[in-house]
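**Q** Just need the whole structure built from these sequences, with the hints factored in.
Chains as they are written, first to last, in my numbering: chain A, 1 to 272; chain B, 1 to 343; chain C, 1 to 274.
Since the hints were made in silico from the structure, they are not lab data.
Hints should not be assumed to be uniformly reliable.
[To be verified] Straight-line Cα separation of at most 25 Å, DSS-like style, residue types lysine-lysine; simulated pairs:
#, chain 1, residue 1, chain 2, residue 2
1, A, 219, B, 215
2, C, 13, C, 77
3, C, 77, B, 33
4, C, 11, C, 77
5, C, 77, C, 198
6, C, 13, C, 200
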Amino acid sequence: MTGGGFLARNIAGFTQALESVVVTEDLCHAPGLMQGLDPRIKVVTLMLFIILVGLAQDFTLLIAIFILALLLVLLSKIPIALYLKRLLIFIPIFTAVIAIPALFITPGTPLLSIAGKAVITAQGAHTAGLLIMRVVDSLSLGLLLVFTTPWTKLLQALRWLRLPSLVVDILGMTYRYIYLLLHTANSMFLARQSRTIGGFSGTENRRWLGRALVTTMVKSQYLSEEVYLAMLSRGYQGEIHTLNELTLRRRDFIWMAFALAAISLMVWSIYL
Amino acid sequence: MHIPDGYLSPATCGAMYVVSAPFWYVAVQRVRKVLTHRTVPAMALFSAFIFILMMFNVPLPGGTTGHAVGGTLVAIVLGPWAAVLSISVVLAIQAVLFGDGGLTSLGANCFNMAVVLPVVGYFIYRVISGNSDVNSTRRLVGAIVGSYLGIIAASLVTGLELGIQPLLFHTADGTPLYAPYGLNVAIPAMTIGHLVIAGPVEAIVTGLVFFYLQKSHSALLSREASQKSEGKLWFVWAGALVVLAFATPLGLLASDTAWGEWGAVELKKALGYIPQGMTALSNLWHAPLPDYSVQGMGDVVGYIISALVGIAVIGFLLWLLGRWISRKNEIKKNRSSMGGSAG
Amino acid sequence: MISLDNTLIYKAKDLYYDYLGNIPALRNICFNIGAGELVALVGANGSGKSTLLKILDGLLFPTSGELMAFGTRLSEKILETGNLAAEFRRRVGLVFQDPDVQLFSPTVWDEVTFGPLQLGISKDEVISRANETLEVLNISSLRERPPYLLSGGEKKKVSLASVLSLRPQVLLLDEPTTGLDPWSQGNLIDFLLQWADKGKALVFSTQDLDVVEEVATRIIVIGASHDIVADGMPEEFLSDSDFLLRNNLIHEHSHRHKELVHRHPHLHEHMHEH
Chain A
1 MTGGGFLARN
11 IAGFTQALES
21 VVVTEDLCHA
31 PGLMQGLDPR
41 IKVVTLMLFI
51 ILVGLAQDFT
61 LLIAIFILAL
71 LLVLLSKIPI
81 ALYLKRLLIF
91 IPIFTAVIAI
101 PALFITPGTP
111 LLSIAGKAVI
121 TAQGAHTAGL
131 LIMRVVDSLS
141 LGLLLVFTTP
151 WTKLLQALRW
161 LRLPSLVVDI
171 LGMTYRYIYL
181 LLHTANSMFL
191 ARQSRTIGGF
201 SGTENRRWLG
211 RALVTTMVKS
221 QYLSEEVYLA
231 MLSRGYQGEI
241 HTLNELTLRR
251 RDFIWMAFAL
261 AAISLMVWSI
271 YL
Chain B
1 MHIPDGYLSP
11 ATCGAMYVVS
21 APFWYVAVQR
31 VRKVLTHRTV
41 PAMALFSAFI
51 FILMMFNVPL
61 PGGTTGHAVG
71 GTLVAIVLGP
81 WAAVLSISVV
91 LAIQAVLFGD
101 GGLTSLGANC
111 FNMAVVLPVV
121 GYFIYRVISG
131 NSDVNSTRRL
141 VGAIVGSYLG
151 IIAASLVTGL
161 ELGIQPLLFH
171 TADGTPLYAP
181 YGLNVAIPAM
191 TIGHLVIAGP
201 VEAIVTGLVF
211 FYLQKSHSAL
221 LSREASQKSE
231 GKLWFVWAGA
241 LVVLAFATPL
251 GLLASDTAWG
261 EWGAVELKKA
271 LGYIPQGMTA
281 LSNLWHAPLP
291 DYSVQGMGDV
301 VGYIISALVG
311 IAVIGFLLWL
321 LGRWISRKNE
331 IKKNRSSMGG
341 SAG
Chain C
1 MISLDNTLIY
11 KAKDLYYDYL
21 GNIPALRNIC
31 FNIGAGELVA
41 LVGANGSGKS
51 TLLKILDGLL
61 FPTSGELMAF
71 GTRLSEKILE
81 TGNLAAEFRR
91 RVGLVFQDPD
101 VQLFSPTVWD
111 EVTFGPLQLG
121 ISKDEVISRA
131 NETLEVLNIS
141 SLRERPPYLL
151 SGGEKKKVSL
161 ASVLSLRPQV
171 LLLDEPTTGL
181 DPWSQGNLID
191 FLLQWADKGK
201 ALVFSTQDLD
211 VVEEVATRII
221 VIGASHDIVA
231 DGMPEEFLSD
241 SDFLLRNNLI
251 HEHSHRHKEL
261 VHRHPHLHEH
271 MHEH
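**A** Encoded structure:
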């Protein structure tokens with residue numbers, strides 16, 4: 001029976017997501033370098049770095065960006081183990097699996113032959129390496145943003161970047177209720193697990209899953225109506241007004257100067 | 001199907017943001033018009049639900065498991081425009097907070113999963129279900145077939161985006177700079193996985209949820225009736241046509257005539273075999289209109305005609321399927337009512 | 001437009017409310033509530049207390065009958081937009097029973113500033129009010145926290161804070177003490193008694209007759225048939241165990257005293273001295 005495994009797998013997934021929300025929240029308020037920066041500056045500079053990663057065509061630059069990211073992780077007091085765990089899990093491994101065949105099938109100059117049969121080409125090694133480094137770099141920069149910026153500050157930055165306020169409001173509220181529904185779903189699975197002896201058949205599990213999803217959907221619909229009333233009760237009239245308390249400080253300008261200098265230098269190195 | 005950062009060139013990423021932008025714009029306008037002040041809480045809570053749905057690990061018969069996207073389901077319950085908005089929100093949160101899918105590739109991911117998937121899925125659902133009753137089997141079949149084909153269409157487009165990378169972006173000596181596989185690898189790799197695993201997961205989840213909604217919460221399903229009465233369905237149709245027109249030439253691209261620096265032969269040399277789906281796909285598309293170009297016309301015109309013919313054929317087949325199911329239902333109903341009167 | 005009638009706040013006349021057009025939630029509700037009153041709404045689960053509070057907050061509108069607030073008849077149209085709507089929302093605050101409904105903003109600070117900001121109060125004033133409210137409730141340390149990472153008790157406090165920052169004249173509370181430990185419950189009761197004065201009014205629903213006894217100056221009992229079965233001073237009814245039993249507000253309980261089994265109505269656990 002796969003029943004027990006199915007429940008355990010789902011519970012593990014939900015628990016992990018719940019934990020990651022809590023851990024991220026704690027890190028965002030740690031007294032580190034990036035935490036102290038204005039979210040608008042952070043979003044813009046880190047996005048520029050990520051675009052730069054996309055433009056980069058050689059390893060030196062990609063490795064330089066990786067070292068910079070690593071340095072920022074350390075200065076922002078992000079536990080390196082946690083960072084590496086989030087960085088290396090899934091995506092780079094997945095990318096490596098994707099990249100390996102490219103070593104062999106990319107046509108080009110032979111570099112190395114394994115067992116006299118499969119041939120790794122120089123171009124193959126280059127393309128696979130580029131792909132993996134790019135993924136690692138982009139993810140590092142993304143993690144830096146997420147681990148050092150509370151959701152509400154990120155929303156303020158998006159608002160400042162002229163994302164329609166309706167979309168920002170939806171993003172803000174969605175994240176808040178994801179946590180609640182994760183809990184709801186998790187407790188449904190836990191309740192089923194506690195009643196499970198010997199597991200259920202695949203069909204039974206699928207049916208139960210369908211009903212669990214319907215229950216969650218109905219709950220989300222009910223909540224949306226209630227939340228609407230709660231908003232209305234406190235004066236909401238179709239548009240959420242917010243305080244904009246962001247102010248630039250000296251450190252923001254220092255960081256911005258540094259980041260822009262680094263980015264210009266790197267762009268210059270690409271097109272030289 | 002979440003494309004991470006680094007797989008697509010910045011140019012492709014930019015282009016995909018541009019392609020998605022009008023859909024986002026219209027979606028925001030339409031949703032605000034229908035839901036008015038309720039937009040924020042309604043979209044937020046439904047998006048949170050979709051997030052949870054995507055996290056569910058679904059067991060398939062045979063032991064494999066997978067995750068659904070639920071795009072067609074959202075489109076059925078909330079309407080296609082709300083689906084575009086709500087899935088985009090979920091994808092953005094996944095990308096930012098959970099590192100699932102990239103930031104630069106967000107435009108592409110949204111186009112694939114938040115535009116192509118729900119629009120195609122909903123379109124097919126509408127065509128199959130016709131004017132049938134909310135609780136009919138015909139609608140259930142529509143939801144299942146729609147969700148399956150919706151995710152396949154999305155995977156085709158994803159394969160296309162990945163597959164054009166080595167053709168467009170490579171160094172002077174031919175080294176691909178981004179995703180390394182051409183269309184002839186990327187498209188079959190994406191679609192076969194979705195035909196066999198992700199598609200069935202999507203269909204099962206959509207089917208089950210739809211079935212239980214029919215049984216106990218059919219009010220949630222009949223809401224779309226109000227959307228229909230607005231007479232805005234034509235836009236969905238148009239959107240679906242655009243998307244299908246987008247997806248149809250993939251057959252042309254997959255066959256190694258126009259593109260393909262790595263033709264099937266080279267691939268065979270490297271891998272020792274050619275993915276079966278690839279030959280099957282190219283044969284399939286070669287069948288009715290050889291090489292996709294009608295004699296005596298330019299390639300572009302030929303392609304457009306081929307796309308339109310393809311759409312017409314698909315539409316007709318779906319309509320037939322819908323008719324067939326409703327006929328079967330009627331016969332069943334007649335039989336049961338006859339049985340009732342006899343008893 | 002709202003007349004400043006300082007003594008009479010609500011005047012409900014023959015209120016009926018049906019869910020989904022045919023499921024009765026409230027029937028034939030009539031009462032007046034004046035400034036200075038502390039009203040407990042009591043009734044079994046599903047009797048319609050939450051619905052009544054939402055009607056008093058202008059979120060739902062009676063199927064028939066009329067509700068006057070501050071001398072103006074409440075209707076969907078009046079509360080849609082404009083000064084009148086803003087003035088009503090500022091004066092009347094409802095704390096929902098479920099804090100997950102009440103707390104929808106990204107952080108506690110966003111939550112407490114939400115109400116005043118929507119009502120167009122100046123930013124400096126909003127900030128000073130929010131800070132003051134957090135201090136009064138002793139939750140300033142929670143400022144930056146997202147609501148989903150709060151404990152149950154903290155959520156209840158922030159819910160209350162989110163409404164108090166509006167400085168309402170009328171406070172509507174749906175089951176405010178549910179889920180609170182006895183210590184927090186005591187604190188809340190102290191706070192409410194301090195908050196109340198001659199110009200304000202409090203209407204709260206509860207199942208806890210202890211709280212009624214400590215806070216309320218008036219009790220309105222809604223029966224299983226969704227109408228008012230009693231309205232008056234709490235002392236009149238709280239001592240009438242037959243009445244309480246009849247309306248499912250207490251339950252009969254068996255106890256064993258040595259070898260003797262006896263039955264008596266059950267009021268509060270701590271009243272038993274066995």
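**Q** State for each hint whether it applies.
**A** Status of each hint after checking the structure:
1. As the CA atoms of residue 219 (chain A) and residue 215 (chain B) are separated by approximately 17 Å, the hinted pair is consistent with the 25 Å bound.
2. Restraint check: the Cα-Cα separation between residue 13 (chain C) and residue 77 (chain C) comes to about 19 Å, which is no more than 25 Å; the hinted pair holds.
3. The straight-line distance between the Cα atoms of residue 77 (chain C) and residue 33 (chain B) is roughly 19 Å, inside the 25 Å bound, and the hint therefore holds.
4. This hinted pair checks out: residue 11 (chain C) and residue 77 (chain C) have alpha carbons roughly 19 Å apart, not beyond 25 Å.
5. The straight-line distance between the Cα atoms of residue 77 (chain C) and residue 198 (chain C) is roughly 31 Å, outside the 25 Å bound, and the hint therefore fails.
6. Distance hint between residue 13 (chain C) and residue 200 (chain C) is fulfilled; the C-alpha atoms sit about 22 Å from each other, no more than 25 Å.
Violated hints amount to a single one, hint 5; each of the other numbered hints is respected by the structure.
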